[in-house]
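A.B. asks: Protein chains in written order, with numbering that gives the first Met the number 0: chain A, 0 to 118; chain B, 0 to 662.
Calculated from the structure, these hints are not laboratory results. Note that beta-carbon positions come from the ideal geometry of N, C-alpha and C, so glycine has one too. A hint or two may mislead.
[To be verified] If you want a taste of the chain B side facing chain A, the calculated C-beta under 10 Å gives, among others:
1) Met362
2) Pro390
3) Ala511
4) Ile514
Read off the chains here:
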Amino acid sequence: MDNYELIPRSESAAVVILRGRIDAAVATELKEALRLAVSGRYRYLILDLEPVTFIDSSGLSTLVALLRLVREQQGLLFLAGVKDQVQLVLTQTRLNQLFPTYPDVDTAFKHLASQANGL
Amino acid sequence: MEFADLETRARWQRLVQTQFDRLLPRDRRSYHWARAWIVRVIAVANITLGINYFFYRYTASINVNALWFAIPLLAAETYSFIDTLLFILMMWKPKYRESPPPLPDATVDVFITTYAEPVELVRETAEAAVAIRHPHTTYVLDDGNRAEVRAMCAALGCEYITRGPEWEGRPRHAKAGNVNNALNQTFGEFVLILDADQIPDPRILDRTLGYFRDPEIAFVQTPQYFYNVPLDDPFGSQAPLFYGPIQQGKDGWNAAFFCGSNAVLRREALFQLGLITYVTELERQIHTFISQIPIQATSRHIPRVYRKTAHEVTSAAERAADDLRNDVPLQQVLQTFNAAIRRAQRQIVALDMASIEQDLLDMDLPGQDEDAAEDDFEARLDQLAEMIAPPPEVFGLSADLLDVLKMDTHEVLDIQPLVTFSITEDMATSMRLHALGWKSAFHHEILARGLAPEDLGSMLGQRLRWGAGTIQVLVKENPLVKPGLGLAQRLQYFTTMYSYFSGFFAVVYLLAPVIYSLTGISPVVSFSGDFLIRIIPYLLVNKLLFFFVAWKLDTSRGAQYSLALFPLWIQAVLTVFSGEKLTFKVTPKTRQSGIYLNMVIPQLAIVILLAFSSLYALASLGLGWRSDTVGVVVNVFWSLYNIRMLRVILSAAVYQGEAQLAS
Chain A
0 MDNYELIPRS ESAAVVILRG RIDAAVATEL KEALRLAVSG RYRYLILDLE PVTFIDSSGL
60 STLVALLRLV REQQGLLFLA GVKDQVQLVL TQTRLNQLFP TYPDVDTAFK HLASQANGL
Chain B
0 MEFADLETRA RWQRLVQTQF DRLLPRDRRS YHWARAWIVR VIAVANITLG INYFFYRYTA
60 SINVNALWFA IPLLAAETYS FIDTLLFILM MWKPKYRESP PPLPDATVDV FITTYAEPVE
120 LVRETAEAAV AIRHPHTTYV LDDGNRAEVR AMCAALGCEY ITRGPEWEGR PRHAKAGNVN
180 NALNQTFGEF VLILDADQIP DPRILDRTLG YFRDPEIAFV QTPQYFYNVP LDDPFGSQAP
240 LFYGPIQQGK DGWNAAFFCG SNAVLRREAL FQLGLITYVT ELERQIHTFI SQIPIQATSR
300 HIPRVYRKTA HEVTSAAERA ADDLRNDVPL QQVLQTFNAA IRRAQRQIVA LDMASIEQDL
360 LDMDLPGQDE DAAEDDFEAR LDQLAEMIAP PPEVFGLSAD LLDVLKMDTH EVLDIQPLVT
420 FSITEDMATS MRLHALGWKS AFHHEILARG LAPEDLGSML GQRLRWGAGT IQVLVKENPL
480 VKPGLGLAQR LQYFTTMYSY FSGFFAVVYL LAPVIYSLTG ISPVVSFSGD FLIRIIPYLL
540 VNKLLFFFVA WKLDTSRGAQ YSLALFPLWI QAVLTVFSGE KLTFKVTPKT RQSGIYLNMV
600 IPQLAIVILL AFSSLYALAS LGLGWRSDTV GVVVNVFWSL YNIRMLRVIL SAAVYQGEAQ
660 LAS
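This is chain A alone, in the form it adopts within the complex (with noise of 0.2 Å):
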């Protein structure tokens, strides 16, 4: 899939890239390859959304879905770059209280160094 793209970034934590689109066409399919790309190896996980230019119910539905993987393994899920429609959506569905969100990568990642242990 290039719809998204995993940058590990330590042991347990990595970056993962969303781009274009994320709605109900592709949403089951990038589940289902998160959760194996995730499950078991990464707790901490920045979500860099800024290529993201629409997204949809369904594609909410995976990012709480990811927020339930990560929370499972007792680790923190982060967004980054969020903006325009996203932004809308996630105040206007109240999501964004369930998520800590941060204007880039790099500030996400700091933050998320002072609150992870080990990582």
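With the hints as your guide, set chain B onto chain A.
C.D. replies: For chain B alone, kept in the frame of chain A given last:
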């Protein structure tokens, strides 16, 4: 007949005509009437002899030992006979019109369309247009957006129109788009359209507007005539047969063609056409797209969880297609269908929200709506659905359809009075006007003089455009089945389209004598006796028919070119059927000089073949190698006839325009 020079030919024609002329009454109207009756009598004879000939051809003449040769020739002859029958129908009741009294109060816009023609040329036309006697406003429609044309208009006191920025990146539709753009900015009841090179006579409106007293007349077409063409018309530019007997014949069936310029049109008719076209086109598109949804849906990958929803959309599309077929109003169909899409989107949103709720509960996080009442949740879902609805592509709906449903046609003008789907927008426009029940008139008087192409390349390009455009109209809007047209009108349009398929059969006619002369293989059982006694009267009467139809007109060039341009007609048909994109090319009004034998290679090759094979056949006959004297004589004459027909284009290829004229 072949003549040493033009002078002799003209003298011969005058001689024949003065002999026959004495038999015709003097008054123009009765003269016209008498000629029509002579044509009818000859036509009946032609049909009778034709039936007699073809009965023999089909039952007794086919050479079964050479079917590969016999069948193509019989097909070609049958094609020609049908062509003759259609021609006879066209000529059955030609309409002779005398200019009605002018219409003094009519408001008229005169449009001069230009793209890249030299400013001086446009100026000459604009000056003549300003000088037209009937009160009017002259507009120069400059698709080239040139400052010097604008300045020229200001100096002459006529209006200047060019396309605005809204056309950028949109389909421009060439000349039709240019005229439509101007129609949307002007107000006259009637519009006279002139090409940049067509210098109007000051009386052009006085002579034509009177026809519009009949409120059902949509347009009046006048002949196109070219003033830069020498007497022998090397490129066959003048079309006296078309802008005379043929148009009068079509007019008799209320099917005179609009030919793009030198015509006055009623604005009301054009806008009615534009409006109806817009609505029906939209309905058609919606119907096509909606009918395609169930098919597309099966070929698209749809995630398993959404399949049930996608299926509901597909059913809704099938219902909508049925409703459209059953003439349920478009608006109602769209409302129902759009509601189905919204319902489907909401179902997916609800599904996703439920999955989110479940995840949140499992994480021991408060559900987003745990304290909200159920109906409040419903209301919020509606609101959310707007924003986070999955794109309809998920259910197999294409982006094109969504544009159609939003009524976005990508066009600058929703209402396009002149038809834009074809590169011969004029023919398509008149056909649609006739289908709407409008009438038309052909006024047989030269009231504008234009420039014909002066080199072979431009001429070939122009004819190819006409041919391909005409066949394109046949393919996209077959007149034989187009609702609204009468039977005779259908056939009038079809006749013109049919004639453009002649190229394939021309090859058969041109090569048949070559094959016979070289191999002795005959397409018919025998060239003598029974065959000749039937074909000779048939062909002679056929010639006589054309002679009387074209009374006093020099139509030999037209006849020669209709055969000699066979590669072009074939190319035109193939271009359309291969689905190649056709573009409107402006015909150059200034000469592109040079010698163009490379453009006529097929014709040159066939002339050489004809000459060689004839010499070969005669020589072998002389040497006693063969004894089929009648066959050889018939085929040598046939070859000579073919060479004479093709010669015109070979001379045209080396024609040097006015330079040659001067020397």
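A.B. asks: For every hint, state whether the structure bears it out.
C.D. replies: Going down the list of hints, with the structure as the test:
{"no.": "1", "hint": "Met362", "in the structure": "5 Å, holds"}
{"no.": "2", "hint": "Pro390", "in the structure": "6 Å, holds"}
{"no.": "3", "hint": "Ala511", "in the structure": "61 Å, violated"}
{"no.": "4", "hint": "Ile514", "in the structure": "61 Å, violated"}
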